[in-house]
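Student: Produce the complete structure using the sequences and hints provided.
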Amino acid sequence: MTTGNYVYDNFVRIDCGLSPQELWTSIVHETAHFTLAKQSSYGLFCFFLQQDMKAGNEECEPVLRLLDQAVERTSECYARTMELLLDASFTALSPGERARVVEERRAQPYWSRYRMDLLEPLLLNPDSAKAPVFPHLLFILAAHVDTRPLFHRDVSDSAAIRAMMLQNPLGLCPDRRLPVLIQAFTRLLDTAAPAQITCERVMEESGLTFLDSGSRQKTFLRKLWEEGKLSPGIRAPLERNLAVWEWEDICFLDPKVVSLAFGMSITDAAIPYTLQPRFSQQVLDLPAFKPARNVVSIMLNAADSVLPHSQLHAAPSQWACPAVLQFWDTWNGIRYQPALVEDVRKLGPVLELYQGALYFYLDDYSSIRKTAALNGIPAFFRVDLPWNQMEDELCRRGFRVRSMLLQKYSESVFFCFRFNEAGNAAFSMHFHWELQKAFQDFCVGNIVPAASYGSFGWKRFRDLIAAVTEDQNYAGLSYSDFCALRLL
Amino acid sequence: MTHQEVSAQLDMELESFFQAHPECCHPFLMDERQTLLDSRADVSSLDMNAFALFDEILSCRMGFNRDDSQENKTHYNAVCHQIYLFFTSDEYREEKLTAAVVKEMVIPMAAVSLSETTRLDPVLACAAISLTLNTILKIGVRAWCEYYRNKHPELKP
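Those sequence lines, one after another, are chains A and B.
Sequence positions in the first sequence follow my numbering and run 1 to 488.
Sequence positions in the second sequence follow my numbering and run 489 to 645.
Treat the hints with caution; some may be incorrect.
[Claimed, not checked] For the chain B half of the interface with chain A, some residues (derived, Cβ under 10 Å), not all of them:
1) Ser532
2) Asn560
3) His640
[What the hints assert, rightly or not] Quick list of simulated restraints, FRET-style, between CB atoms:
4) A:Gln183 to B:Ala631: 17 to 27 Å
5) A:Val180 to B:Gly628: 50 to 60 Å
6) A:Asp154 to B:Ala631: 41 to 51 Å
7) A:Phe90 to B:Ser601: 35 to 45 Å
Please keep in mind that the hints were generated in silico from the structure rather than gathered at the bench.
Here a beta-carbon is modelled for each residue, glycine too, at the ideal position from N, C-alpha and C.
Tutor: Here it is as structure tokens:
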């Protein structure tokens, strides 16, 4: 079962249905991936590619996938090590009891899949964690490669990058470097006091090459940018990121910052996500349309031309119905799925035929400017960001929050609907520890609590929420792949 | 035909498969396999690498969803068991091992079983088994059988 993911973003996604204990384990696990990405030169390179992909440059996808394959084992070993070492009950165990726990874990397929056996002696040795290099820096060193050759290559040419990495696996492939580093650290543990085993000693003992140990992230990247040897595919996202990079210019290997994620605490970096279907399975007291999970077609034509079985789902309602709609212009034989904003704008007057509440689902609020002719139909869109990043992002998209409605979903998760003056709504999900920040926003007075959202409350939006959150397409596919446009 | 010749033939076929299905190939794991073979690494390391590749072939999917890994481990064990039974059967004579025997007996036998259990494309199943079998041939049938028997003490010698 998937309980979380990290895809080179500024946050990690955690399934919103987890118990408190599972939640903590999953956050520790995913944040380890995040830490490795933001704290190593290799991870930063992947981060930029991902940001570039989000900006529309899909040419980077094969290279990002390739790079991810070369760091997957390191990242997973780090995450699983962190799960164990941050578990107080494991660290308090005697060596014999630790061995029993490790033996149990060995039965998991992942254990061998990711070569966790190489780490077993370190997990069983209580001295390991006394060394400043273990656990964080040992893994970060594996990905602390001199990425300059990667930055200089054309990132749309995955074959060339693959060849370059295979020619120099110990220089460029974290997964090939990790066993060498583990061996070096193990040798040092046999001969030196744990407290004396620093990054520099492990680097020297391993015989591998690294980026300079004192390199600072921002300085390193700025220097690369100024050198002017960057491939065009990298230059633009790097420039953009340098412009918005507000966090401190930290040292790649600073032991004080490795457990933080871009200056955040690990709880700040986690957002709830729906990685398992659940909303659509809830039995609620509102009319439910089936099949196809409440997806209803509005037929923009005379009823007699509509197939009988479709009419059940096509009748315009006299009251607000909780339904995600798609347009099917049967007169012209056009199915607007995905519908474009322009399509719907043209159909604006016809929308008035529908008596129910209409909501305009947008992937990106910035596109609202194109929908001015939609007769005041309010927009609904989703934002996946941690609380601390939300306001800046919404402002950037031109959305100024006036009021906010919080709705508890479970013991761990609450929903947040933010409204602007026009009645447009931004939907987000947050963990319960963010509530305090929400109340602070209310206290400051810039944002006021919204009145209950009609007589139905948030459940009225359950199908729209289901449509935009029940994303089974793991691995960073956007929910926009569902459909470019949906209406409630 | 020697084991090496059979193995070389399987290698060629696997290469064609990976060219046709690049989503099934983990380039760094294949590279690691070669490195392990060149360094004469222990059988356990090669076995783990073989499973990782087996898993990769059967999980030709977007991203890195490993939800199927547990099931793939079960399938991998079943395939290894069938291969072990073949190599330890009375009918098997090492000197009779040919590419034809491998391609017409061992691989189809295991592939049918795997494909029926998983409903996977038989081409994928065949490739996954070819890779496993080829790793075994590279290790050496006798050495691998010994390793497998040690891992499964319930098996009769």
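Student: Hint numbers the structure violates, sorted upward?
Tutor: Structure breaks hints 3 and 5.
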